[in-house]
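Could you build all of it, start to finish, from the sequences and the hints given here?
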Amino acid sequence: MNYTWNWHIFLEPNPTGAGTYFDMLLAGLKVTIVTSLSAWVIALIFGTIVGILRSLPSKLATWIGFIYVEFFRNMPLLVQLFLWFFVLPELLPRTAGLWLKQMPNAPFYTAAVGIGLFMSARVAVQLAAGIGSLPRGQKMAATALGLTTLQVYRYVLLPMAFRIILPPLTSEFLNTVKNSAVAITIGLIELTGAARAMQEFSFQVFEAFSAATLMYLVINIIVVIGMRLLERAVAIPGYITGK
Amino acid sequence: MIEISHVNKWYSPTFQVLKDCTTSVAKGEVVVVCGPSGSGKSTLIKCVNALEPFQDGTITIDGLKVNDPKTNLPKLRSRVGMVFQHFELFPHLTIIENLRLAQQKVLGRGQEEATAKGMKLLERVGLKEQAQKFPAQLSGGQQQRVAIARALAMDPIAMLFDEPTSALDPEMISEVLDVMVDLAREGMTMMVVTHEMGFAKKVAHRVIFMDRGEIVEDAKKEEFFGQPRSDRAQQFLSKILSH
Numbered sequence: 005m006n007y008t009w010n011w012h013i014f015l016e017p018n019p020t021g022a023g024t025y026f027d028m029l030l031a032g033l034k035v036t037i038v039t040s041l042s043a044w045v046i047a048l049i050f051g052t053i054v055g056i057l058r059s060l061p062s063k064l065a066t067w068i069g070f071i072y073v074e075f076f077r078n079m080p081l082l083v084q085l086f087l088w089f090f091v092l093p094e095l096l097p098r099t100a101g102l103w104l105k106q107m108p109n110a111p112f113y114t115a116a117v118g119i120g121l122f123m124s125a126r127v128a129v130q131l132a133a134g135i136g137s138l139p140r141g142q143k144m145a146a147t148a149l150g151l152t153t154l155q156v157y158r159y160v161l162l163p164m165a166f167r168i169i170l171p172p173l174t175s176e177f178l179n180t181v182k183n184s185a186v187a188i189t190i191g192l193i194e195l196t197g198a199a200r201a202m203q204e205f206s207f208q209v210f211e212a213f214s215a216a217t218l219m220y221l222v223i224n225i226i227v228v229i230g231m232r233l234l235e236r237a238v239a240i241p242g243y244i245t246g247k
Numbered sequence: 050m051i052e053i054s055h056v057n058k059w060y061s062p063t064f065q066v067l068k069d070c071t072t073s074v075a076k077g078e079v080v081v082v083c084g085p086s087g088s089g090k091s092t093l094i095k096c097v098n099a100l101e102p103f104q105d106g107t108i109t110i111d112g113l114k115v116n117d118p119k120t121n122l123p124k125l126r127s128r129v130g131m132v133f134q135h136f137e138l139f140p141h142l143t144i145i146e147n148l149r150l151a152q153q154k155v156l157g158r159g160q161e162e163a164t165a166k167g168m169k170l171l172e173r174v175g176l177k178e179q180a181q182k183f184p185a186q187l188s189g190g191q192q193q194r195v196a197i198a199r200a201l202a203m204d205p206i207a208m209l210f211d212e213p214t215s216a217l218d219p220e221m222i223s224e225v226l227d228v229m230v231d232l233a234r235e236g237m238t239m240m241v242v243t244h245e246m247g248f249a250k251k252v253a254h255r256v257i258f259m260d261r262g263e264i265v266e267d268a269k270k271e272e273f274f275g276q277p278r279s280d281r282a283q284q285f286l287s288k289i290l291s292h
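If you read the sequences in order, they're chains A and B. Add 4 to a position in the first sequence, counting from 1, and you land on the number used in the numbering used here. Add 49 to a position in the second sequence, counting from 1, and you land on the number used in the numbering used here.
Hints in this document: simulated from the structure, not taken from any laboratory. It should be emphasised that the depicted structure is a prediction, and the values quoted were computed from it without experimental measurement. Zero decoy hints are in this set.
With a straight-line Cα cutoff of 27 Å, these simulated DSS-like cross-link-like pairs (lysine-lysine) come out:
(1) A/LYS63 x B/LYS114
(2) A/LYS63 x B/LYS119
(3) B/LYS166 x B/LYS154
(4) B/LYS124 x B/LYS154
(5) B/LYS124 x A/LYS63
(6) B/LYS76 x B/LYS250
(7) B/LYS182 x B/LYS169
(8) B/LYS114 x B/LYS76
(9) B/LYS177 x B/LYS166
Chain B is faced by these chain A residues, among others (derived, beta-carbon under 7 Å):
(10) GLN142
(11) ALA145
(12) PRO241
The beta-carbon is built from N, C-alpha and C at its ideal position, and this holds for glycine as well.
As structure tokens, then:
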């Protein structure tokens with residue numbers, strides 16, 4: 005293999021005229037972080053709502069939750085992003101579709117919402133399982149005290165269910181960060197996109213992707229440490245999963 | 050106070066758990082419900098505050114119909130205290146927070162008032178020092194006393210007990226029964242599902258014996274322990290009183 009390593013490449017100016025190649029990667033890293041965080045917030049909000057629906061005694065609520073989850077988790081993420089980005093604008097009325105296509109930062113919004121909804125199905129399943137793992141008497145005791153269903157969830161069931169599912173939620177958070185790389189296919193210049201651009205301009209493919217790999221690793225280690233700290237902060241004294 | 054009239058409940062079209070149950074609990078009366086496992090006694094007491102639905106018949110509490118869609122169930126339940134077999138304290142809240150939650154969220158009491166009320170009741174059940182601990186740090190007997198205090202904090206007009214000592218070690222049973230005996234002597238209206246015949250003999254006014262979803266015997270305490278009319282109740286008594 006004829007390959008000339010050049011680790012100084014990061015300090016050389018990139019052809020876009022905005023700083024060095026390293027600056028280019030950092031810009032990609034920033035997009036990855038913002039996209040992942042936005043997607044994770046969307047995943048948590050929708051996942052919580054759908055997870056609650058799936059745990060309610062109402063047949064209709066369970067059914068809506070079931071359809072939602074199976075829709076979003078049974079299609080490849082790549083296909084979902086293509087659907088949102090390329091197909092949805094064509095299906096909408098002309099003006100709405102046009103507005104969507106001409107929206108600035110369209111790849112970013114599409115990626116955040118698309119990945120967020122995809123991940124929300126997984127959060128929903130885990131939350132429903134967490135709620136289901138609580139003793140049936142907890143809901144009864146809270147109801148017997150006169151709390152409404154909403155209050156029962158807010159003050160009794162969800163605080164425990166979320167504590168129980170924190171370890172699997174950490175994995176889902178990591179998956180959200182990793183899945184953000186798929187957004188390159190709809191033109192979002194996130195970290196993977198930036199690394200690829202660097203490779204195309206400089207032909208230093210190994211250096212570019214080594215740096216990107218390290219950056220993904222660092223983000224995810226920070227996520228893992230953060231979630232650990234959170235687990236410790238909300239641990240209940242004397243309780244089995246507590247310390 | 051509590052009127053149960055011709056209540057029928059089916060779990061499925063072929064499985065009837067309650068058959069034409071009719072009885073009542075007058076103000077200040079203590080009624081003990083006993084019977085073999087699966088006789089429907091827990092189900093019946095859960096129907097009283099609508100934790101379990103029933104298909105036929107009526108139950109009224111203080112003149113309010115439980116199975117009327119127009120009845121404000123959370124409000125009705127907040128006036129009837131309930132104690133469960135497995136205590137059902139909320140594990141993520143401290144003892145005093147357990148006592149405060151429904152006072153604040155259901156009755157709208159302020160934090161100070163709710164704390165004062167809670168501490169007074171904790172003192173009464175002998176657990177004032179445990180106020181800042183979490184449920185998992187207490188013994189079963191202590192947890193059940195907290196559960197009774199939590200129900201009393203709502204100033205209930207009646208108390209329902211669903212096998213309150215069945216999950217306890219033998220040496221912890223008496224500390225819970227002591228609290229219940231005191232309550233009974235103060236004139237609290239109580240409906241108690243239990244196998245503790247000593248408790249029944251001491252404070253009950255009436256004893257109800259259930260078998261296979263039916264109220265087989267509903268008699269004054271003296272009559273029940275003197276000479277039960279039904280063979281089934283006699284058999285039951287001879288078995289549990291023989292040791």
